[in-house]
Amino acid sequence: QKEVEQNSGPLSVPEGAIASLNCTYSDRGSQSFFWYRQYSGKSPELIMSIYSNGDKEDGRFTAQLNKASQYVSLLIRDSQPSDSATYLCAVNNNQAGTALIFGKGTTLSVSS
Amino acid sequence: EPEVTQTPSHQVTQMGQEVILRCVPISNHLYFYWYRQILGQKVEFLVSFYNNEISEKSEIFDDQFSVERPDGSNFTLKIRSTKLEDSAMYFCASNPGQTGETQYFGPGTRLLVL
Chain A
261 QKEVEQNSGP
271 LSVPEGAIAS
281 LNCTYSDRGS
291 QSFFWYRQYS
301 GKSPELIMSI
311 YSNGDKEDGR
321 FTAQLNKASQ
331 YVSLLIRDSQ
341 PSDSATYLCA
351 VNNNQAGTAL
361 IFGKGTTLSV
371 SS
Chain B
14 EPEVTQTPSH
24 QVTQMGQEVI
34 LRCVPISNHL
44 YFYWYRQILG
54 QKVEFLVSFY
64 NNEISEKSEI
74 FDDQFSVERP
84 DGSNFTLKIR
94 STKLEDSAMY
104 FCASNPGQTG
114 ETQYFGPGTR
124 LLVL
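Quick mapping for you: the protein sequence lines, in order, are chains A and B.
Heads up: take any position in the first sequence, counting from 1, add 260, and you land on this note's numbering.
Heads up: take any position in the second sequence, counting from 1, add 13, and you land on this note's numbering.
Chain A on its own, in the form it takes in the complex:
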């Protein structure tokens, strides 16, 4: 059974702080990794994708991947109240197909 694990939270940070979200996955053959943001009652919205070990930065967001440890994280710098949402980690094993396996998500709350 392929699993993607995330702490459900809530993770509470003050405005302007760094939020750190973590995800582990069980399928060692996974090759594509995605972070989606989901506001309550809405659909997942892509924040970042990462495919290689290391860091990938996009504005206030940095994704980090460590395939040896089967670990992927998302850092949000200068957190804003509008960042308050559930962050979903999704993983794909390209060799097995194109389906995304999602974690349950971490709820982030940014207080002003």
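Treat the hints loosely; a few may be bogus.
Simulated coverage check for chain A against chain B, where a stretch passes if three residues somewhere in it have a Cβ under 8 Å from a Cβ of chain B [claimed, not checked]: (1) 304-313; (2) 354-368.
List time: in silico DMTMM-like cross-link candidates among lysine to aspartate or glutamate, alpha-carbon distance up to 25 Å [as the list claims (entries may be wrong)]: (3) B/Lys55 x B/Glu72; (4) A/Lys302 x B/Glu98; (5) A/Lys302 x B/Glu14.
Hints in this document: simulated from the structure, not taken from any laboratory.
Positions of the beta carbon are idealized from the N, C-alpha and C atoms, including for glycine.
Place chain B on chain A using the hints.
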């Protein structure tokens, strides 16, 4: 910017009835997907569709479910004889066609089975 669209946004049905959820994927995308999310739970893969046939399906996608691309734009999910536990948000997604590429999600259809 192109978007995946879904209709209806909400659907209420009686247990045992058939429902059809509709999606228009992003034009020129080649892979289409259905996912569902039961309230408070994770997003779960149901089925993928490529080149006019199912390419992959999960254990959830049993004989109660079927998918179809009836024309060049629509992609549908049919649920026969709905059950209470089918109540969920159903998301359609599409991707351009390379494995591992980003999947773009539609706004979802909230299905309530009474």
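Distance restraint between A/Lys302 and B/Glu14, which requires alpha-carbon spacing of 25 Å or less: 18 Å, holds
Residues of the stretch 354-368 of chain A with Cβ under 8 Å from chain B, three needed, outcome: holds (count 10)
25 Å limit on alpha-carbon distance, applied to hinted pair A/Lys302 and B/Glu98: 20 Å, holds
Satisfaction of hint between B/Glu72 and B/Lys55, Cα-Cα up to 25 Å: 15 Å, holds
Proximity test - 8 Å, beta-carbon atoms, the stretch 304-313 of chain A to chain B, at least three hits: holds (count 5)
Of the hints listed earlier, there is not a single one the structure fails to meet.
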